Amino acid sequence: MAAVRVEAVLAAAEEQEAEKRRSITVEKELELEYDLGNLLAVDRNPPPAAALRGAGPRREALLQALARDNTQLLVSQLWELPAERAGGAGGPLVAQLPEPTFRLPREKPPPKPRPPTRWEQFARLKGIRRKKKTSLVWDEQAKEWRRRWGYRRAGGDPSRAWLAEVPAGADPEEDQFARLRREKRERVARNELNRLRNLARAHRAGSTVPAAPLHPTGHQDRDELRRVARVARVSTASLGRFQPRLPKEPAEPPSRSGGKKRRFEPLLGNLAAERSRQLEMLRDMSRKKPVLDITRAVNKQMRQEEAEAAAANKGKKQSKRGKRGRRQQRPGRSGKKSGARRQPQQQKAAGGGTGG
Amino acid sequence: MRPLTEAETRTVFEKLGKYIGENIQLLVDRPDGTYCFRLHRDRVYYLSEKLLKLAASVPRESLVALGTCFGKFTKSQKFRLRVTALDFLAPYAKVGHGPELAPLPRPLTAPHGYAPLLQYKVWVKPGSEQSFLYGNHVLKSGLGRITENTAQYQGVVVYSMADVPLGFGVAAKSTQECRKVDPLAIVVFHQADVGEYVRNEDTLT
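Chains A and B supply the protein sequences, listed in that same order. Under the UniProt record's numbering, read the first sequence as residues 1 to 356, first letter to last. Under the UniProt record's numbering, read the second sequence as residues 1 to 205, first letter to last.
If you are wondering where the hints come from, they were derived from the structure by calculation, not from laboratory data. Any given hint might turn out to be false.
[Claimed, not checked] Simulated pairs of lysine to any residue, SDA-like, Cα-Cα distance not exceeding 25 Å:
no., chain 1, residue 1, chain 2, residue 2
1, A, 20, A, 60
2, A, 261, B, 8
3, A, 300, B, 178
4, B, 15, B, 126
5, B, 18, A, 274
6, A, 261, B, 41
7, A, 300, B, 145
8, B, 78, A, 301
9, B, 72, A, 300
In this text the structure is predicted, and so the values were computed from the model without any measurement.
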């Protein structure tokens, strides 16, 4: 009984080994279509229809064999890709996948278009179409082509208009310039109001109004992400005061205005702290002063040379004494000179040391 | 009005250090009260805490000056020392090789009466005194005396031959070099002089 069981076990083990060592080549009528960027293989061979009919272990086995064959083909394709060892000699072998070619279907529903604005509805009703306007307009006064609006516009600078005629039915006491300014302000305000209303209407209608800055798209650059991260940190109940920082976020809270406005110490802040900070700074400044003063060395050298020149002049009159004088001067001179030369070199080294 | 930033404080101290060396500590850390520097409209003022608290209650547009004006920052952030700082700097002026001076509690308006024994001084001949007071540099021909061991670009206090302080300067040449240069070379750069009290009467704060 035990022997039969052992034999059965051995046979099963042998079979398993044989299965593992089965040939990796798979025969298919039609070649598979591969999209290695997506790790995709498409098999267009018609399956044996008769075998797939009806659920059952035979069907399962067939499906499994099919899956195994196709996977084998895909993996063979992957092994043929150019590969390299990531992280040096002992690292894993990494294949370089090509760009994906298969277009994946949408994950979310497509964005709804925004509803037309009041003007757009009216224009559609009346059949008004956009007239393409030229960007330059001929200015008769200046006899040249000027912009339609903006810097040096065609009608002259509106802020420099020195004449404002009183219209026929208007009150003669009224200030026309003030009226023009007021009306411009009202126009601008009305325009802004309408723009905001359109935005609100579009938002209410449920169209995907671009609140893009706050949702990650994968195409944002570093500054945008930084801004988004700041907004996210501040969007807590305590406005981000107790929020732990990300590993590489700066320690001090970044300024609310995004770094545009300079912030100074408070005027009557802690004066003792200010004083201690200034004393500290003074200590640093005085410590960094080089110990060797190059100008002093140069002056010393010059004085030495003057003394030598004076001695040499005296020596010219009395040659014997001069020789003795010169001989006496030489060791001292070389000593001082080399000393002066050494000092600048040391000075340079010290300067390099503190600077580097 | 605001306190000076780190960089600004450093600039100011470096400039003051050229004239009074380590004695800036005596300005910052005074035994008789807390004094501080404040910046108002690009000018650096030195004032006591009590005065600061009073000045803080004045609106910014109406505030003209406060305490003592030491100098101003130019548009390119360089610090220009003004003659109004003379009262404070002359008594503390940089000591050469002499002994450490006891700090004066409050410098008086007659600095020459309290001038210490050793400081970097330059005496100017009567002929070029007026030229200096008009804002010109001091030439070798107008140089009367100069302290021994003055380094180049050392801050100096300029005196007339009668020991009347005329203002500040920066030594353009060291004492040794001064002896060798030709008479028309500049030996002291003009920084500030007492003639500014008359010339810049309306802008001096």
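Residue 300 of chain A and residue 178 of chain B: Cα distance at most 25 Å? At roughly 14 Å apart (the allowed maximum being 25 Å), residue 178 of chain B and residue 300 of chain A satisfy the hint.
Please work out if residue 261 of chain A and residue 8 of chain B have their alpha carbons no farther apart than 25 Å. Cα-Cα ~18 Å, so holds.
Verify the proposed pairing of residue 300 of chain A with residue 145 of chain B, using a straight-line Cα cut of 25 Å. 20 Å, holds
So if I understand the rule, the pair passes when the alpha-carbon distance is 25 Å or less; does residue 78 of chain B with residue 301 of chain A pass? Since the Cα atoms of residue 78 of chain B and residue 301 of chain A sit roughly 34 Å apart, the hinted pair is violated (cutoff 25 Å).
Could you grab the alpha-carbon distance between residue 72 of chain B and residue 300 of chain A and see if it respects the 25 Å cut-off? 37 Å, violated
Satisfaction of hint between residue 41 of chain B and residue 261 of chain A, Cα-Cα up to 25 Å: 17 Å, holds
Does residue 274 of chain A lie within 25 Å of residue 18 of chain B when you go C-alpha to C-alpha? Judged against 25 Å, a Cα distance of about 22 Å means the pair holds.
Given pair status - residue 60 of chain A, residue 20 of chain A, alpha carbons within 25 Å: Holds: residue 20 of chain A and residue 60 of chain A sit about 20 Å apart, inside 25 Å.
Just to be careful, I want the Cα atoms of residue 15 of chain B and residue 126 of chain B compared with a cutoff of 25 Å; is the pair within it? 28 Å, violated
Checked against the numbered hints given earlier, the structure breaks hints 4, 8 and 9 and satisfies all the rest.
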